[in-house]
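Q: What follows is the residue order along each chain.
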Amino acid sequence: MTHQDTTQQQAAWAEESVVEHDAGTSYPAHATPGTEHTGREQLVLERIERARRARPRVREKLITLAHGAGGKATQSLIEAIFLDAFRNPLLEPLEDAATLTAGDTRLAFTTDSYVVSPLFFPGGNIGDLAVNGTVNDLAVSGARPAHLSAGFILEEGFPVEDLRRIVASMSAAAAAAGVSIVTGDTKVVQRGKGDGCYINTAGVGLITGGLTLGVATARPGDVVIVSGPVGDHGITILLERGELDLDAELVSDTAPVHELVRGLLDAVGPDVRAMRDATRGGVATILNEVATAAGVAVVVDEESVPVRPEVRGACELLGIDPLYVACEGRIVTIVDPSAADAAVAALRAHPLGAGATAVGRVAEDPPGLVLLKTGFGGTRIIDLLVGDPLPRIC
Amino acid sequence: MCLGIPGEVIEILPDQPDLARVDVSGVKRAINIGLLTDDPPVPGDWILIHVGFALSKIDEQEAKAAMDFLIGIGQAYEDEIAALLESRIDERQ
Amino acid sequence: MRFVDEYRDAEKARALAAKIAALCEPGRHYKFMEVCGGHTHTIYKHGLEDYLPESISLVHGPGCPVCVLPMGRVDDAIALAEQPDVIMTSFGDMMRVPGGRGSFFDSSAAGTDIRMVYSPLDALKIARQNPDKHVIFMAIGMETTTPSTAMTVLRAAAEGIENFSIFCNHVMIVPAIKAILDSPDLRLDGFIGPGHVSTVIGCRPYEYIPAEYGKPIVTAGFEPLDILQSVYMLLQQLAEGRCEVENQYARVVPWNGNTVALRAVAEVMELRPYFEWRGLGFISHSALQVREKYAAFDAERHFRLPGVRVADPKACQCGEVLKGVLKPWECKVFGTACTPEMPIGTCMVSSEGACAAYYNFGRFSRQRIREVSIESSRA
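Residue numbers (the numbering used here), protein chains in the order written: chain A, 1419 to 1812; chain B, 55 to 147; chain C, 23 to 401.
These are calculated hints, taken from the structure and not from any lab test.
Computed from a prediction, not measured in an experiment: that's the story for all the values here.
Be aware that a few hints might be false.
Below are the EDC-like pairs computed for lysine to aspartate or glutamate, each with C-alpha atoms no more than 16 Å apart in a straight line [unchecked claim]: (1) 82(B) x 1667(A); (2) 82(B) x 1433(A); (3) 336(C) x 1734(A); (4) 1605(A) x 1573(A); (5) 147(C) x 1663(A); (6) 1479(A) x 363(C); (7) 336(C) x 1434(A); (8) 354(C) x 1667(A); (9) 118(B) x 27(C); (10) 147(C) x 1661(A).
Covered by chain B, according to a simulated footprint, are these stretches of chain C (three or more residues, beta-carbon under 8 Å) [said to hold, decoys possible]: (11) 133-146; (12) 282-293.
A virtual CB, placed ideally from N, CA and C, is assigned to each residue, including glycine.
The task is simple: from the sequences and hints, build the whole structure.
A: Here it is, written out as structure tokens:
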């Protein structure tokens, strides 16, 4: 490249992006640079809010790893492509499970696919994840998990012994969760067209007790509780991959939380607004969903969020925030303030909830935002995850 | 890019003396200490880690001096606040 | 975590903040530039501006090596990655930086073998594991990172590895600071100096700043108390009429730097006559290239680069943000056409970029933050 090089190109995608953005939207007049003035900063923040509320679109021409990370890109993909095409009232809440009605019976129905790499890791394997993950989605929807389906996509050359191990784990996990696997499917793809083993599970459970759970019901004053230390699963997987040469005593927290949830609901059921299974995208993703669905603010106290020292160390080394790292056996629950202490006690009464803590509150203002009060006393925003720091975690 | 984290040297790898096993809050990694050959670290030393290399040894005396300054500021602050409160009490009398 | 937690203590922060406020001359406004992207990140991550009085503004500078990479160089990197039988390796920061045709991330989606690594040594390991491929390491970073790249090349040479090279985009902080000082746009009262860069180059290279430009500089650590203490030290200098280089980060930064590191860099690399910096234009003697002696490890010599300059998009004001002339939210496309998920400019992509830091952490009126914090602590 020479100094006098006059061959200049333009980044067409950027020019188009700006034009697209300005056309068909009316923003408040842009603030002029120069003097400091909070009023003008406010104008810009309003423009941003308007942009964020705009209809989600997928601008990329190719699917990227970000679309699978559980953050902003995943959300845009779901809303702009799937919800847009399949739209119906049962789908729209986009909760962990859909609530179906059959006569007088209410059912929860959910599905998940598992593409974790590596297949075997400290604390479990893809089979455990597949059963526990679906059981958990049903449990946090207030249902008693009943039956699962299991679909396998196997790669030519995958060791049968590994398949036996995975299936044995699934059988044990199903028994532990009190569910039966009642239907399934198997496909095999050519070598190179599927990384060993992918699993899809769907599950159905019975909703009893007439509870109406949903993140949209959160209201100012509610307390946010997590059932234990965050980020164990994601960091365990990352370390197990071996690419980063990090060593630590960590195991995945994959576990069925149906009993934990049952204990919580038995103690304070009517006071529970919502429960969510914290998986990819971490606790931060769930809190953003609450803030957006209910039009409230969620204020989290950084010091209260339980994180194991090893998870914290790995996150500091790699520059990741533990709030975005996947769990597989943790729930986040929003409860009425009058029931907060009882809720924490109920969770702690179960071994899986030993580390349960209140970590924050729902506030009225600013709606749609998740704020973090740092240990240091400052405040910052916890936005939806962008990009994909940890691919194929679950 | 500036990301540098303090870690404690656990051991120098016996077959590779330019590598040390370092602990950061329970997470261990082999770190290249080749940039510290003028004053190699020993187990128990703390080093600054950046992209798999040790850039510098943490000077515990300087760290203590920095902390003493901060504690001193804190103490001075507390003394001032205490004095302020006392004077208020006096006013009320 | 030791050497981290004690520098995040809120009690001490309040005490320091009181001292800082006390040192401010009534009616005077102070503008300090923090050069390092890592400092920008800390300031926003911990909400440090809440601790400073209104009369102090922190201006964000160009010390983010990802942010100052021109789009054309990103295109060159992608062109290298797309060569047959090449594995491109890069730090995570680089993955989403947009060039003229997209980013590494986009290229990976289209089938290119691009892998994220934590260390250049990891890239070398991939080269050993894949003898039939050529592994290129995207070498970016300021003086903090340059020695690690140099040591990796030396190791590759010692082991006789033949399928490894680097695409060298290492830049130097001192010429960038000089460009800021020479710029007529900006009136600064002092600098919060680079922390980790200084562990390598030491504090002497900054002596020209007080000597020739009359501005004090304090090299600062990366924890919130470090930055607050540095602001305090700057104010003290101004109050006492001193103007010198001071080292707040003495627990890590040796005054004379790391001579082993500097020797390794000098052995493997040499100065480029000039290099383009996004937003700052061409700066002479501001970047490094691989020496002839190590040509075997220079990707630019192995492969032909398109070498085309790509003009910054008309709407992009990264240049002014990098110089500290514009605050992130004053950029016309901030938060609308340019967001972390669809960034136009580098300041929004890099975790250390001022725009990303502001959008992710500070995007909220400070007044309202105080209200929310007080409320939730009362509850």
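Q: Does each hint fit the structure? Answer for all of them.
A: Hints and how they fare:
{"no.": "1", "hint": "82(B) x 1667(A)", "result": "10 Å, holds"}
{"no.": "2", "hint": "82(B) x 1433(A)", "result": "46 Å, violated"}
{"no.": "3", "hint": "336(C) x 1734(A)", "result": "37 Å, violated"}
{"no.": "4", "hint": "1605(A) x 1573(A)", "result": "9 Å, holds"}
{"no.": "5", "hint": "147(C) x 1663(A)", "result": "11 Å, holds"}
{"no.": "6", "hint": "1479(A) x 363(C)", "result": "15 Å, holds"}
{"no.": "7", "hint": "336(C) x 1434(A)", "result": "11 Å, holds"}
{"no.": "8", "hint": "354(C) x 1667(A)", "result": "48 Å, violated"}
{"no.": "9", "hint": "118(B) x 27(C)", "result": "14 Å, holds"}
{"no.": "10", "hint": "147(C) x 1661(A)", "result": "10 Å, holds"}
{"no.": "11", "hint": "133-146", "result": "holds (count 5)"}
{"no.": "12", "hint": "282-293", "result": "holds (count 3)"}
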